[in-house]
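From first to last, the protein sequence lines stand for chains A and B. Under my numbering, the first residue of the first sequence is numbered 4, with each subsequent residue one higher. Under my numbering, the first residue of the second sequence is numbered 4, with each subsequent residue one higher.
Please keep in mind that the hints were generated in silico from the structure rather than gathered at the bench. Among the hints, erroneous ones may be present.
If several chains are the same, the list does not tell them apart, and a pair holds so long as it fits within one copy or across any two.
Said to hold, decoys possible - Only pairs whose alpha carbons sit at most 20 angstroms apart, straight line, appear in this in silico SDA-like list of lysine to any residue:
| # | residue 1 | residue 2 |
| --- | --- | --- |
| 1 | K115 | T92 |
| 2 | K220 | V123 |
| 3 | K5 | H27 |
| 4 | K115 | D198 |
| 5 | K102 | Q230 |
| 6 | K227 | S58 |
| 7 | K227 | G162 |
| 8 | K115 | T39 |
| 9 | K97 | H74 |
| 10 | K220 | H192 |
| 11 | K5 | R54 |
| 12 | K21 | V229 |
| 13 | K185 | P51 |
| 14 | K227 | I193 |
| 15 | K102 | G49 |
| 16 | K227 | A161 |
| 17 | K220 | I193 |
| 18 | K62 | K115 |
| 19 | K64 | T122 |
| 20 | K227 | F216 |
| 21 | K185 | G197 |
There are 2 protein chains.
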Amino acid sequence: MKIGIIGTGMVGQALAAKLSELGHEVVIGTRNVSTTLARTSPDGYGNPPYRTWQSQHPKIKLATFAEAAAHAEIVINATSGGGSLAALTQAGEKSLNGKIMIDVANPLDFSKGMPPSLTVCNTDSLSEQIQRAFPEVKVVKTLNTVNATVMVDPARLAGADHHIFVSGNDAGAKTKVTELLKSWFGWRHIIDLGDITTARGTEMLLPVWVRLFGTLKTPMFNFKIVQ
Amino acid sequence: MKIGIIGTGMVGQALAAKLSELGHEVVIGTRNVSTTLARTSPDGYGNPPYRTWQSQHPKIKLATFAEAAAHAEIVINATSGGGSLAALTQAGEKSLNGKIMIDVANPLDFSKGMPPSLTVCNTDSLSEQIQRAFPEVKVVKTLNTVNATVMVDPARLAGADHHIFVSGNDAGAKTKVTELLKSWFGWRHIIDLGDITTARGTEMLLPVWVRLFGTLKTPMFNFKIVQ
Numbered sequence: 004m005k006i007g008i009i010g011t012g013m014v015g016q017a018l019a020a021k022l023s024e025l026g027h028e029v030v031i032g033t034r035n036v037s038t039t040l041a042r043t044s045p046d047g048y049g050n051p052p053y054r055t056w057q058s059q060h061p062k063i064k065l066a067t068f069a070e071a072a073a074h075a076e077i078v079i080n081a082t083s084g085g086g087s088l089a090a091l092t093q094a095g096e097k098s099l100n101g102k103i104m105i106d107v108a109n110p111l112d113f114s115k116g117m118p119p120s121l122t123v124c125n126t127d128s129l130s131e132q133i134q135r136a137f138p139e140v141k142v143v144k145t146l147n148t149v150n151a152t153v154m155v156d157p158a159r160l161a162g163a164d165h166h167i168f169v170s171g172n173d174a175g176a177k178t179k180v181t182e183l184l185k186s187w188f189g190w191r192h193i194i195d196l197g198d199i200t201t202a203r204g205t206e207m208l209l210p211v212w213v214r215l216f217g218t219l220k221t222p223m224f225n226f227k228i229v230q
Numbered sequence: 004m005k006i007g008i009i010g011t012g013m014v015g016q017a018l019a020a021k022l023s024e025l026g027h028e029v030v031i032g033t034r035n036v037s038t039t040l041a042r043t044s045p046d047g048y049g050n051p052p053y054r055t056w057q058s059q060h061p062k063i064k065l066a067t068f069a070e071a072a073a074h075a076e077i078v079i080n081a082t083s084g085g086g087s088l089a090a091l092t093q094a095g096e097k098s099l100n101g102k103i104m105i106d107v108a109n110p111l112d113f114s115k116g117m118p119p120s121l122t123v124c125n126t127d128s129l130s131e132q133i134q135r136a137f138p139e140v141k142v143v144k145t146l147n148t149v150n151a152t153v154m155v156d157p158a159r160l161a162g163a164d165h166h167i168f169v170s171g172n173d174a175g176a177k178t179k180v181t182e183l184l185k186s187w188f189g190w191r192h193i194i195d196l197g198d199i200t201t202a203r204g205t206e207m208l209l210p211v212w213v214r215l216f217g218t219l220k221t222p223m224f225n226f227k228i229v230q
């Protein structure tokens, strides 16, 4: 499958590496290819610069947001939430229209220091903002409640005996994404919460997630719904 | 132990019944005792009027907010979030000062219809509002992430193999409340998230909680943190 990933950070890299390993044709989109490749210093989390990772993944193509979107049968929004709308606008409505967009971003606001708060919540969500800006795109929110490593390898925790959520207005798109979460990554327990407004709930899991990260001293955890 | 429960709803009743059964001296506080006892119709959820429940629990005393607070060694805020500050003001700062207050309330906003949003979130929380209004009270947020039945009987779900959180500024109060959650109700897994600002995270779990309630068609569930 032809997959376009919008965003070159840790999350985009983790998804791209796994999907490429599975044999998919992955293009990662960035604002400016030469700027991204010119970076030589680690990012804010101490991860090596993009070009180091790129050199280890030669099958994955780096291109502009617009080229990644045009290439894609399925688009994944893996930008930081604050930059999502600008990046997707650059990707281009015409290239995105009619496609499934898997939105894994969170509207984290680091401007007031750590831990982050949210830039939007409660009566709106990042996914709803994206859906309103791109009404012809089939936005499905998922994977935003776990760390990038867990996203692509849920079996790393308790044999994947924990939950992930999907939210979206298009039932067919949610069914397709649910199948892909299983076949791509091995997710076993997927809960369809409802329409795209239910993304408010999963984005609002982040404040307790960041506190649990602080308490547990690892991002390698997830929520299991126990009945 | 002498326990004062502020609030006569389902949550206050569940906590009062369990604590009375354990032999504690429970006083439930309400705005106006005669008004509460005069109600003859079910509440908005179809639960019988308070006096029906009271007649089945003769050991539990109904009194004013102020009397319940004055009686208490430990106070439990089981009001609806929108009414918490007014009720606690009536309970009286002098009677509350120096005591542990277990805050189980959520700032749910039903004014825009179902599902509820929150009246406060992201950069503040109900527990912080209470702590600011009553700086001499040892506010410990807990139990607000589960239904009243699960609060007092976590073993109803998977042998209590799931989690509850505590948030608060007073370490001794959190240690005490953690012990009480175990000895009173049988909670096995309790995570101390940090100071009272971490209540933002657990209150912000409510939007996904209400959507899960809708999807699972039962309030009998809880979150387990899987590592």
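Tested hints:
1. K115 / T92: neither (26 angstroms within a copy, 32 angstroms between copies)
2. K220 / V123: Cα proximity of K220 and V123: none, with 26 angstroms in one copy and 28 angstroms across.
3. K5 / H27: within (6 angstroms within a copy, 65 angstroms between copies)
4. K115 / D198: So K115 and D198 pass the 20 angstroms test across copies only (18 angstroms; inside, 31 angstroms).
5. K102 / Q230: neither (35 angstroms within a copy, 34 angstroms between copies)
6. K227 / S58: So K227 and S58 fail the 20 angstroms test inside a copy (37 angstroms) and across (39 angstroms) alike.
7. K227 / G162: both (12 angstroms within a copy, 15 angstroms between copies)
8. K115 / T39: neither (27 angstroms within a copy, 45 angstroms between copies)
9. K97 / H74: Classified as within; 12 angstroms inside a copy, 68 angstroms across copies.
10. K220 / H192: between (25 angstroms within a copy, 17 angstroms between copies)
11. K5 / R54: neither (22 angstroms within a copy, 65 angstroms between copies)
12. K21 / V229: So K21 and V229 fail the 20 angstroms test inside a copy (29 angstroms) and across (23 angstroms) alike.
13. K185 / P51: Neither way: K185 and P51 sit 30 angstroms apart in one copy and 45 angstroms across, limit 20 angstroms.
14. K227 / I193: Both. Shortest intra-copy (10 angstroms) and inter-copy (15 angstroms) distances satisfy the 20 angstroms Cα cut-off.
15. K102 / G49: Answer is neither; intra-copy 34 angstroms and inter-copy 45 angstroms both fail.
16. K227 / A161: both (10 angstroms within a copy, 12 angstroms between copies)
17. K220 / I193: between (26 angstroms within a copy, 16 angstroms between copies)
18. K62 / K115: neither (39 angstroms within a copy, 50 angstroms between copies)
19. K64 / T122: Intra 31 angstroms, inter 46 angstroms, cutoff 20 angstroms: neither.
20. K227 / F216: both (16 angstroms within a copy, 15 angstroms between copies)
21. K185 / G197: Within one copy, since 19 angstroms is at most 20 angstroms while 35 angstroms is not.
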